[in-house]
Amino acid sequence: DAGITQSPRHKVTETGTPVTLRCHQTENHRYMYWYRQDPGHGLRLIHYSYGVKDTDKGEVSDGYSVSRSKTEDFLLTLESATSSQTSVYFCATQDSRSGNTIYFGEGSWLTVV
Amino acid sequence: GENVEQHPSTLSVQEGDSAVIKCTYSDSASNYFPWYKQELGKRPQLIIDIRSNVGEKKDQRIAVTLNKTAKHFSLHITETQPEDSAVYFCAASLHGSGNTGKLIFGQGTTLQVKP
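One line per chain: the protein sequences are A and B, in this order.
For the first sequence, our numbering assigns the number 431 to the initial residue and increments by one for each residue that follows.
For the second sequence, our numbering assigns the number 904 to the initial residue and increments by one for each residue that follows.
Be aware that a few hints might be false.
Pairwise CB distance ranges (calculated) [claimed, not checked]:
no., chain 1, residue 1, chain 2, residue 2, range
1, A, Gly470, B, Gln948, 18 to 28 Å
2, A, Val543, B, His975, 36 to 46 Å
3, B, His975, A, Thr447, 38 to 48 Å
Think about it this way: if two alpha-carbon atoms lie no more than 16 Å apart in a straight line, the pair counts; the simulated EDC-like pairs of lysine to aspartate or glutamate are [what the hints assert, rightly or not]:
no., chain 1, residue 1, chain 2, residue 2
4, B, Lys945, B, Glu986
5, B, Lys961, B, Glu982
6, A, Lys487, B, Glu905
7, B, Lys974, B, Glu908
8, A, Lys500, A, Asp484
9, B, Lys945, A, Asp468
10, B, Lys974, B, Asp930
11, A, Lys500, A, Glu457
12, B, Lys925, B, Asp952
13, B, Lys1017, B, Glu982
14, B, Lys945, A, Glu536
15, B, Lys940, A, Glu536
Simulated from the structure, these hints should not be mistaken for lab results.
Here a beta-carbon is modelled for each residue, glycine too, at the ideal position from N, C-alpha and C.
Please model the complete structure; the sequences and the hints are all you need to start from.
Have a look at this one:
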C-alpha cells in the first residue's frame, strides 16, 4: 500500500472553519494526488503535485489549496469549509519505478455541518 | 479534457457466473487504463491495468480488453465469488515522460455476487 498515511481519518467541522488534511508517504514517490469521492461521481482529482513546491489544479480545485514542502508530505487545505465539501478524501501517490502504478491512502472522512 | 463513462452502475450476478463492466473514454491520447476495486469503507485497490500497446491482459479470473479505435475498455470477471462483491472503478490517463498520469475515473459499478 505504498506506505501512505492520511490524517485525520475522520473529522467533523463547522461551516466557515479552515481544515487541513495531511498525507504522508514513506516511499519517496515523486507524484502525489488528492481526490474526493462522492456518490455518483466516482473519484475526482482536486490537486496534484509533481515535486516539492510544484503543484497544480485538478478537475475540482475551487475552495481547496495544497502545499508540498517535503517529498513525503502533501497537505490539502479547505480555507473556509462548506457543506458541499463534505466528502471522503483520498490521497494517492505514483510509483514511477513500477510502471507508474497509483496507490491510494486509507481515506479521510470529512463532514462539514 | 478526458471524460470516462462507465456502465452499468449496478450489476448483480449469481455466484459462478461472469461479470462484464464497460468503460468508454474521450481522449485518444490516453494510454493507461487501470481498474480499481473498492470494498465498503476501504481504499480503492488496483486489480489490473492495461496500456495502449496491448489489446488484452489476464490475471487469473480477471481480464481487461482494450479497443483503441472505439475508445472503450472492459473488465471481465469469470467464475465470480461472493468476495468479488464491491464497487469497481475504471480510469484513464496519459502516462509517460513529462506526464503525471492524472487519473480520470468512471462513476463506478456496484457488483453484487449472490451465493
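Quick rundown of the hints versus the structure:
Between Gly470/A and Gln948/B the beta carbons are some 21 Å apart, a value that agrees with the proposed interval 18 to 28 Å. Taking the beta carbon of each, Val543/A and His975/B are about 41 Å apart, inside 36 to 46 Å as hinted. A hinted range of 38 to 48 Å for the beta carbons of His975/B and Thr447/A is consistent with their spacing of about 44 Å. The straight-line distance between the Cα atoms of Lys945/B and Glu986/B is roughly 14 Å, inside the 16 Å bound, and the hint therefore holds.
With a C-alpha separation of about 14 Å, the suggested pair Lys961/B and Glu982/B falls inside the 16 Å cut-off, and the hint holds. A C-alpha spacing of about 15 Å is found between Lys487/A and Glu905/B, which places the hinted pair at or below 16 Å, so the restraint holds. Under the criterion of a C-alpha separation no larger than 16 Å, the hint pairing Lys974/B with Glu908/B is consistent with the structure, at around 11 Å. Using a Cα cut-off of 16 Å, the hinted pair Lys500/A and Asp484/A holds, with the two alpha carbons roughly 11 Å apart.
The straight-line distance between the Cα atoms of Lys945/B and Asp468/A is roughly 14 Å, inside the 16 Å bound, and the hint therefore holds. Simply put, Lys974/B and Asp930/B have alpha-carbon atoms about 8 Å apart, close enough for the 16 Å limit, and the pair holds. Of the supplied pair hints, the one linking Lys500/A and Glu457/A holds, its CA atoms being roughly 13 Å apart against a limit of 16 Å. A threshold of 16 Å between alpha carbons decides the hint, and for Lys925/B with Asp952/B the separation of about 14 Å falls inside it, so the pair holds.
A hinted pair counts as satisfied when its Cα atoms are at most 16 Å apart, and Lys1017/B with Glu982/B qualifies at roughly 12 Å. The hinted pair formed by Lys945/B and Glu536/A meets the criterion: a straight-line CA distance of about 6 Å does not exceed 16 Å. Pair hint Lys940/B plus Glu536/A holds up; C-alpha atoms about 13 Å apart against a cutoff of 16 Å.
Hint compliance for this structure: every hint is met.
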